[in-house]
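Trainee: Listed here are the chains, written in short residue letters.
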Amino acid sequence: MKTVLILGATSEVALALADQLAAKSINLILAARQVEKLNPVKADLTIRFGVTVTVVAFDAANMNSHADFYQHLDPKPDAAICVFGFLGDHDKAKVNWDECATILTANYVGAVSILNVIANDFESRKAGVIVGISSVAGERGRQSNYFYGSAKAGFTAYLSGLRNRLVKSAVHVVTVKPGFIRTKMIEGIATPGLLTAKPEQVASSVIKAMVAKRNVIYVLPAWRWIMLVIRCIPEFIFKKLRL
Amino acid sequence: MASDFITNWNNYPREKAKVSSPVFAHDFDTTLADNSAFIVRGNGRCYGDASLGASVVSSLKFNRILNFDAVHGIITCQSGLLLSDVLELTMPKGWFLPVTPGTRFITVGGAVASDVHGKNHHKDGSFSQHVIALKILTPAGAIIHCSATENSEYFWFTCGGMGLTGIILEVTFSLKKIETGFIKQVQIKANGLDEVLDLFEQYSHYTYSVAWIDCLKTGSNFGRSILMVGEHATVPDLNGGRQQPKKSITLSVPFNFPSFVLNGLSVKAFNAVYYGKNYKREMHGITSYEKFFYPLDAILHWNRIYGSRGFVQYQFVIPKQVGKVGIRDILTRISEKGWGSFLAVLKLFGTQQGPISFNMEGYTLALDIPINSKLFSFLDELDLMIKEYGGRIYLTKDARMKAEIFHSTYPNAASFTTFLNKIDPEKKIVSSLSTRLEIK
Ligand SMILES: Cc1cc2nc3c(=O)[nH]c(=O)nc-3n(C[C@H](O)[C@H](O)[C@H](O)COP(=O)(O)OP(=O)(O)OC[C@H]3O[C@@H](n4cnc5c(N)ncnc54)[C@H](O)[C@@H]3O)c2cc1C
Ligand SMILES: NC(=O)c1ccc[n+]([C@@H]2O[C@H](COP(=O)([O-])OP(=O)(O)OC[C@H]3O[C@@H](n4cnc5c(N)ncnc54)[C@H](OP(=O)(O)O)[C@@H]3O)[C@@H](O)[C@H]2O)c1
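Taken in order, these protein sequences are the chains called A and B.
Under our numbering, the first residue of the first sequence carries the number 1, and numbering increases by one thereafter.
Under our numbering, the first residue of the second sequence carries the number 1001, and numbering increases by one thereafter.
Honestly, I wouldn't trust all of these hints.
Unchecked claim - Example chain B residues on the side facing chain A (calculated, C-beta under 7 Å, incomplete):
#: 1; residue: Ile1065
#: 2; residue: Leu1066
#: 3; residue: Phe1068
These are computed hints drawn from the structure, not numbers from a lab.
This structure is a prediction, so every number in the text was calculated from the model and none was measured.
For every residue, glycine included, the Cβ atom is placed at its ideal position computed from N, Cα and C.
Make the full structure from the sequences, and use the hints.
Mentor: In C-alpha cells:
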C-alpha cells in the first residue's frame, strides 16, 4: 500500500487510522465534508512522518459528485477506507423523513455510491483493498435504532457482495463491525468499558485486517460472541425485548 | 460528556468532573458557548487542583504539530502536544527543549500555563523566555495572538497564569541546538547545607544544576547532598561513540502502594543508598539525556508508591540573600517531623520573568510528603515561615495553601486578579485552585 484514501476523515476513528498509516510511511488522501478542520492533521503528519497528505472535500450525501471526486484524485489510492457514518436521532427520524433519509444516506446509500466508483477502478487495476466500517447494529434490527441498524445491515450485505465479486480481481474487501467506540457519536451514552473500543484500537485492528486480508472483523472479540447470541434469540422472544 | 473522578499526579485531591476532549479548534468554541465554567487540563502532571474543576476540558487530543523549522529550531504546535513528542521529532535533528521540567510527560500548554523551569533556570530562565508567540481563545470567545511584544499584558499573565486567562490553543517556541543526546555530568558530594549552597555558586557556570538533599540527616551531616551539574555533550566528548542514546526501558508501578512502605526507615535507606553510590567527592561521567533530565520517567506511575491517600509536593522559593539561613531553618523544621521525602530537590533560580510566575532569584526546594492528618496544619506553619523570608509556593505544586498566603506572597496577585476580572467577568474559566485561592 502506498496511498490510502480515508472517507469521512474527521471522525476520530479516521484520525487514528491516518496517524497509524502515516507512521508506516503510507501517503494519505483525507476526504471529509469539513476539510478545513484537517489542515492541522495534514501539517502534523507531513512534519512527523514525511508522508504526502492530500485533503479533499467530500460529502457522502452528494452522490452526483462522487464520480468526479474520484476522477480528480491523483494518484489513485491503493486502498480505500469508508469510515463516515451517522447515528442520527432515531425518535426524530420516525416522524421526520429528512432525518431518516440522512441516516440511510450517510450509512448506506452514500457509501454504495462512492464505493461503486472505487470498486470499478480497483477491479480494472486488479488490485486494491476496500474497507467498510459497518456496525454490529446491522446484525439485527432493534426498536431503538433500526434506521441506523438497517442501513448498516444493507452496508454489510453490500460489502459481502462486493467481496464476492472482486475476489477474482485480486481486490480484497474488509467488513468491520465494531461494537461501541469511544467517539463523539456516542458521547453522553453510558457504555460498558470492556465492550467499548478506543479509536486507536479500531484503527490498529483495521490495518491488521487489511494486511492479513481478513474478511469480517469485530475489533473487540467479545462482540463476535455477543452477536452470535443475539442472532440466535428466536424472533417471537426477540420482538418482546426492550432493546 | 462523561463524568469521572479525576486527580492529578499527587493523587490529591480527587474530584468529580465532567470531562470533554476536543479534537478540533472549533470544538473549543462549543466549550465556551456552553454555560458552565471549566478549566483546561493538560496531562495532569501538576501536583494539586490547578487543572481540576467541575468541568474539565482535556487538551490531550489537541496535539498536532503545525510547523517545524529545523534550520532555526522553531516549532509551532497545538497546546496538547507532549514534550516527549516534541523530543521525538526534534532530537534526531539536533534540537532540544529550551527548558524542561523533571518529566517529559507534560503538555506544551501546561509548560506555558505553569511557566515551568528546569535545571537551567539560572542560565536560561523559565519556559516563557523561549515562547515566541501564543494563540489564545479568550473567555470572551475571541482569538488573540500574543507575545512579549504583542498584547504583552495578555502574554505575561498567561505565562504562569495557571490556565485562567483563556484556552492556550497554539504555542510557537524556540528550541536549543545540541550535538548529541548525551550529557556530560559532574556529581559533587557535599557534607552539609552551607557547602552545597556554596557549590551552586562555584559551579554556576554550568548550564544545568540541581542538588538532591538528604533532608532527614541531622547533626553535623545535616543537609548532606549531591550536586549534579551538566552540559550537553559535543561529538568530540563522545570519542566516536553513538550520538543518540538507545531508547530506554520503562517500568511501571502497577497499583497504589500502602503508605507504610514510605515510613522514615525506608526513606533513610533510600537516601543512604543514593548517597553511598558517590564514593568519590567529585565524579565525572557521560549519561543519556533521559537519565539526566528524567530519572523518574523510567518508572511510570511512581506516584502510586505514596499510596491512595496521595501526597503533597511542597515546593517553595526564597530570595537568595536569605538562602542559607532560610533553607536551614525550614529544612530543620521538616526533618524534625521525620515524615520524610523520597525527593528533596534544591535548585538555584536566576531572575524572575513574568509578573505572576513562581520563579524569583533565590533557592527553591521541593519535597514530597505523604498526606497524613496533621500535615496540612504543619504546612500552614511552614507557609508563614516562607512568607517571612519573602518567598512563595509554586502554584502548580499546590493543593492546600490558604488564599491569604497566595495574595500576600505573589507581589502581582492584585493586578493578576484585576486583569482576570476584566477579561472574564462572567467567570467562564474557573479551577478548583482559582476558587480555593480566591483568584476568581
Ligand atoms: C515528575 C515530575 C517532575 C516535575 N518537575 C518539574 C520541574 O522540574 N519544574 C517545573 O516547573 N515543574 C515540574 N513539574 C510540574 C509540571 O511540569 C507542571 O505541573 C506542568 O504544568 C504540568 O503540565 P500538564 O500538561 O500535565 O498540565 P496539567 O497538570 O493538567 O495542568 C497544569 C496547569 O496548566 C493549565 N493548562 C494546561 N494546558 C492548558 C492549555 N492548553 N491552556 C490553558 N491552560 C492550560 C491547567 O489549567 C493547569 O493550571 C513536574 C511534575 C512531575 C510529575
Ligand atoms: N461510535 C460507535 O460506537 C460506533 C459503533 C459502531 C460503528 N461505528 C461506525 O464507525 C464509523 C466512525 O464513526 P465514529 O464513531 O468515529 O463517529 P463520528 O465521530 O460521529 O464520525 C462520523 C464521521 O462521519 C462523517 N460524516 C457523516 N455524514 C457524512 C457525509 N454526509 N459526508 C461525509 N462525511 C460524513 C462525519 O463528518 P463530520 O465531522 O463532518 O460530521 C464524521 O467524521 C461510522 O461509520 C460509525 O457508524 C461507530
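Trainee: For every hint, state whether the structure bears it out.
Mentor: To see whether the hints hold, each was checked on the structure:
At its closest, the beta carbon of Ile1065 (chain B) sits 5 Å from a beta carbon of chain A; the interface hint therefore holds under the 7 Å criterion. For Leu1066 (chain B), the suggested interface contact is upheld, since its CB lies about 5 Å from the closest CB of chain A, less than 7 Å. For Phe1068 (chain B), the suggested interface contact is upheld, since its CB lies about 5 Å from the closest CB of chain A, less than 7 Å.
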